[in-house]
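2 protein chains.
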Amino acid sequence: MADDPIRFGIIGCAKIARKVSRAISLAPNSTLYAIGSRSIENTKKFAIQNGLSETVKIYGSYEEVLEDPCVDAVYMPLPTSLHVRWAVAAAHKKKHLLLEKPTALDVAGLDRILDACEANCVQFMDGTMWLHHPRTAKMKEMLSDSLLFGQLKLIHSTSTFSPTPDFFENNIRVKPDLDALGALGDIGWYCIGAILWAANYQLPNTVTALPALTRSSAGVILACGSSFHWDEEEDGKVATFYCSFLSSVSMDLAVSCSNGSLHLKDFIIPYQENFASFEFTSGAKFAELHLGWTLKQKEVQVACELPQEALMVQEFARLVECIRNSSCCPETKWPEISRKTQLVMDAVKKSMELGFKPVNV
Amino acid sequence: MADDPIRFGIIGCAKIARKVSRAISLAPNSTLYAIGSRSIENTKKFAIQNGLSETVKIYGSYEEVLEDPCVDAVYMPLPTSLHVRWAVAAAHKKKHLLLEKPTALDVAGLDRILDACEANCVQFMDGTMWLHHPRTAKMKEMLSDSLLFGQLKLIHSTSTFSPTPDFFENNIRVKPDLDALGALGDIGWYCIGAILWAANYQLPNTVTALPALTRSSAGVILACGSSFHWDEEEDGKVATFYCSFLSSVSMDLAVSCSNGSLHLKDFIIPYQENFASFEFTSGAKFAELHLGWTLKQKEVQVACELPQEALMVQEFARLVECIRNSSCCPETKWPEISRKTQLVMDAVKKSMELGFKPVNV
Numbered sequence: 002m003a004d005d006p007i008r009f010g011i012i013g014c015a016k017i018a019r020k021v022s023r024a025i026s027l028a029p030n031s032t033l034y035a036i037g038s039r040s041i042e043n044t045k046k047f048a049i050q051n052g053l054s055e056t057v058k059i060y061g062s063y064e065e066v067l068e069d070p071c072v073d074a075v076y077m078p079l080p081t082s083l084h085v086r087w088a089v090a091a092a093h094k095k096k097h098l099l100l101e102k103p104t105a106l107d108v109a110g111l112d113r114i115l116d117a118c119e120a121n122c123v124q125f126m127d128g129t130m131w132l133h134h135p136r137t138a139k140m141k142e143m144l145s146d147s148l149l150f151g152q153l154k155l156i157h158s159t160s161t162f163s164p165t166p167d168f169f170e171n172n173i174r175v176k177p178d179l180d181a182l183g184a185l186g187d188i189g190w191y192c193i194g195a196i197l198w199a200a201n202y203q204l205p206n207t208v209t210a211l212p213a214l215t216r217s218s219a220g221v222i223l224a225c226g227s228s229f230h231w232d233e234e235e236d237g238k239v240a241t242f243y244c245s246f247l248s249s250v251s252m253d254l255a256v257s258c259s260n261g262s263l264h265l266k267d268f269i270i271p272y273q274e275n276f277a278s279f280e281f282t283s284g285a286k287f288a289e290l291h292l293g294w295t296l297k298q299k300e301v302q303v304a305c306e307l308p309q310e311a312l313m314v315q316e317f318a319r320l321v322e323c324i325r326n327s328s329c330c331p332e333t334k335w336p337e338i339s340r341k342t343q344l345v346m347d348a349v350k351k352s353m354e355l356g357f358k359p360v361n362v
Numbered sequence: 002m003a004d005d006p007i008r009f010g011i012i013g014c015a016k017i018a019r020k021v022s023r024a025i026s027l028a029p030n031s032t033l034y035a036i037g038s039r040s041i042e043n044t045k046k047f048a049i050q051n052g053l054s055e056t057v058k059i060y061g062s063y064e065e066v067l068e069d070p071c072v073d074a075v076y077m078p079l080p081t082s083l084h085v086r087w088a089v090a091a092a093h094k095k096k097h098l099l100l101e102k103p104t105a106l107d108v109a110g111l112d113r114i115l116d117a118c119e120a121n122c123v124q125f126m127d128g129t130m131w132l133h134h135p136r137t138a139k140m141k142e143m144l145s146d147s148l149l150f151g152q153l154k155l156i157h158s159t160s161t162f163s164p165t166p167d168f169f170e171n172n173i174r175v176k177p178d179l180d181a182l183g184a185l186g187d188i189g190w191y192c193i194g195a196i197l198w199a200a201n202y203q204l205p206n207t208v209t210a211l212p213a214l215t216r217s218s219a220g221v222i223l224a225c226g227s228s229f230h231w232d233e234e235e236d237g238k239v240a241t242f243y244c245s246f247l248s249s250v251s252m253d254l255a256v257s258c259s260n261g262s263l264h265l266k267d268f269i270i271p272y273q274e275n276f277a278s279f280e281f282t283s284g285a286k287f288a289e290l291h292l293g294w295t296l297k298q299k300e301v302q303v304a305c306e307l308p309q310e311a312l313m314v315q316e317f318a319r320l321v322e323c324i325r326n327s328s329c330c331p332e333t334k335w336p337e338i339s340r341k342t343q344l345v346m347d348a349v350k351k352s353m354e355l356g357f358k359p360v361n362v
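Note that the protein sequences, when read in sequence, are chains P and Z.
If you count the first sequence from 1, position 200 lands on 201 in this note's numbering, and the numbers rise without skipping.
If you count the second sequence from 1, position 81 lands on 82 in this note's numbering, and the numbers rise without skipping.
Isolated chain P (complex conformation):
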């Protein structure tokens, strides 16, 4: 039993489930055991289209996946408005929970999920993949070197893409009853998460949404942004982000410190799977007479043996193994990261509702 892989059940056949089912098969300590959607035909179709093994159990409901005693952990890519109901149900069935982002419509909803996970001693993690890439660890290691970078001053992040017209008609991410947070929840999540990551998860003091806000006719956010501010005692740090379903693909992250800066343009999904890079400067000055710089940005390349989503699954499964085999407590780092991200997202939304006024976090 000790070396048995963690058996995953997937609830919902969203497009992202294709990527994560592949990741589950790539992660050495996990296996896809079952998959369920609201219709057994859809589940079968998904299994065939994605070449799932015939041993994977096919269910025609979410309940059946949760009732299956062989399922250790659930990956849940459901529309956000369904998260509280099904995530709480999964926790009550003692299923460890890998929950797609945004975790909930607001922090109150997320707290219901986290309370259920804690009460049932199951691991919680949200589906933010880039946090598991070795590039992310390398960047954090370097940013933490105060001689190299110094004090954190400014973070800027974008997450934009331009979906097909069909997306605006049919995708759950623009349906007010399914994903009311729209672009803020779907891709703003990454920007907020990246800013908090850079700030070592120290919450900003104030959050002020940018007046540039675009909503669909149904009221769903299609494009928005925000600035964050940390008080003087926290070095007066600043951050800005912008997310949009109306622009071409961008995933910029720029971190400026008192002695250096770091840039990458593909922080959420690296350009390619086997390696990723970022650029940085440290100690750059103006050349004599300001005719140039004393040094240019340097590139750092980081190899990646497994895709970041497989590393996410592997880390999640490792924590589940630890709980199962060694009676460890669930790791609190991951739910804490999710909760802070959701908390700041709530503040961005509140600032919008207040006419873009600063909101204390």
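Think of the hints as simulated: they come from the structure by calculation, not from any bench.
Hints should not be assumed to be uniformly reliable.
When chains are identical, the list treats them as one kind, so a pair holds in a single copy or across two.
Cross-link-like lysine to aspartate or glutamate pairs, in silico, DMTMM-like; alpha carbons within 20 Å at most [said to hold, decoys possible]:
no. : residue 1 : residue 2
1   : Lys299    : Glu280
2   : Lys46     : Glu289
3   : Lys297    : Glu280
4   : Lys297    : Glu274
5   : Lys16     : Glu142
6   : Lys334    : Glu65
7   : Lys358    : Glu316
8   : Lys16     : Glu289
9   : Lys286    : Glu274
10  : Lys141    : Glu316
11  : Lys58     : Glu337
12  : Lys94     : Glu64
13  : Lys334    : Glu322
14  : Lys45     : Asp112
Assemble the complex: chain P is given as a structure, and chain Z must be docked to it using the hints.
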């Protein structure tokens, strides 16, 4: 006379005058004729330290430069609070005017300068060098290609550097009576200018300063930022910028459009003099299953035969030659660019004064 170079007088021995005196000597159609500061000793010292030719006239006052009938044009790197007085005086003496940025403390001040230039039929240009780099023209050519980039959606710009402690004690740029606009005037000017440049000088509808504002004990702006918003009829474009005297060197410009994006990290002062580069993507999509991107950023390199500041001087001198030799009217493009930049800067300042409320431009 037709091929005689334009004879420049420099008023003030600021550090930037060293760079521009070199540029005047590099530009094929201009020559340094005279230089004046408030003390003849300082002027002599400047001439010796910068290896100026012994033929350059050395004056112990600004007036003498303006009174010299052989001076065609004046380069004026004085503290901002002195601009109106001396720029207007220069125009009245029929001297063409290359004025260091920020052009004035507010648009009312700039209008007095521009009115004097117009009334005296002299060319006006501000000292924004990067606009004259061939890279800038290349980027504009590509951004204007709607198949390549599509509609402009988002612009982000930074201008930061971390001066020596001595700067905060002695530099004119942090003296409330000399350069009250501080970082906003000195380096925010570039960010505002870059955003307007990317937006083809279409003014934003609203300007909203970021609550992250740092002032010195004397009230001078040390770090600030703003967002700009264009209405839906203008494609709902958005821009953000941040400028600071408290962070390491950064000069980021990122332009995101509906079909492509463009990035560079040294837009104000290129890393080196002889060439500069930028990166862009066009038509990038997610790869199958969102496992990566269909294409990476491409680099475009642009050679530069003369440094951008020499190209600025050359362009200014060309316009002056045209007025002198062919009775052309002064080119209105450059004062219009300066005025729009100053107008938006005024709006940022007003938004700060109103507690970071949106200000209509």
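Exercise. Using 20 Å as the alpha-carbon threshold, which applies to Lys334 and Glu322: within, between, both, or neither?
Worked result: Within one copy, since 17 Å is at most 20 Å while 68 Å is not.
Exercise. When no copy is named, should Lys16 and Glu289 be tagged within, between, both, or neither for a Cα gap of at most 20 Å?
Worked result: between (54 Å within a copy, 11 Å between copies)
Problem set entry | Identical-chain pair category, Lys58 with Glu337, by Cα at 20 Å | neither (33 Å within a copy, 69 Å between copies)
Problem set entry | Status of Glu65 relative to Lys334 across identical chains (alpha carbons, at most 20 Å) | Neither way: Lys334 and Glu65 sit 30 Å apart in one copy and 70 Å across, limit 20 Å.
Exercise. With identical chains treated as interchangeable, where does the CA-CA distance between Lys45 and Asp112 reach 20 Å or less: within a copy, between copies, both, or neither?
Worked result: For Lys45 and Asp112, the Cα distance exceeds 20 Å both inside one copy (34 Å) and across copies (72 Å).
For this session: Give the relationship of Lys286 and Glu274 under a CA distance limit of 20 Å: within one copy only, between copies only, both, or neither.
Result: This pair counts as between: shortest inter-copy Cα distance 15 Å, intra-copy 34 Å.
Exercise. Given identical chains, is Lys16 near Glu142, meaning Cα to Cα at most 20 Å, within a copy, between copies, both, or neither?
Worked result: neither (33 Å within a copy, 38 Å between copies)
Problem set entry | Lys94 and Glu64: within-copy, between-copy, both or neither at 20 Å Cα | within (10 Å within a copy, 87 Å between copies)
Exercise. Are the CA atoms of Lys297 and Glu280 at most 20 Å apart within a copy, between copies, both, or neither?
Worked result: both (10 Å within a copy, 15 Å between copies)
Exercise. Between copies, within a copy, both or neither: which fits Lys297 and Glu274 at Cα up to 20 Å?
Worked result: Between copies, since 13 Å is at most 20 Å while 27 Å is not.
For this session: If the cutoff is 20 Å on CA atoms, where do Lys299 and Glu280 land: within, between, both or neither? Let me know, please.
Result: Both: 5 Å inside a copy, 15 Å across copies.
Problem set entry | Copy assignment of Lys141 with Glu316, given that the CA separation must stay at most 20 Å | Within one copy only: 18 Å inside a chain, 46 Å across chains, cut-off 20 Å.
The structure shown violates the earlier hints numbered 5, 6, 7, 11, 14.
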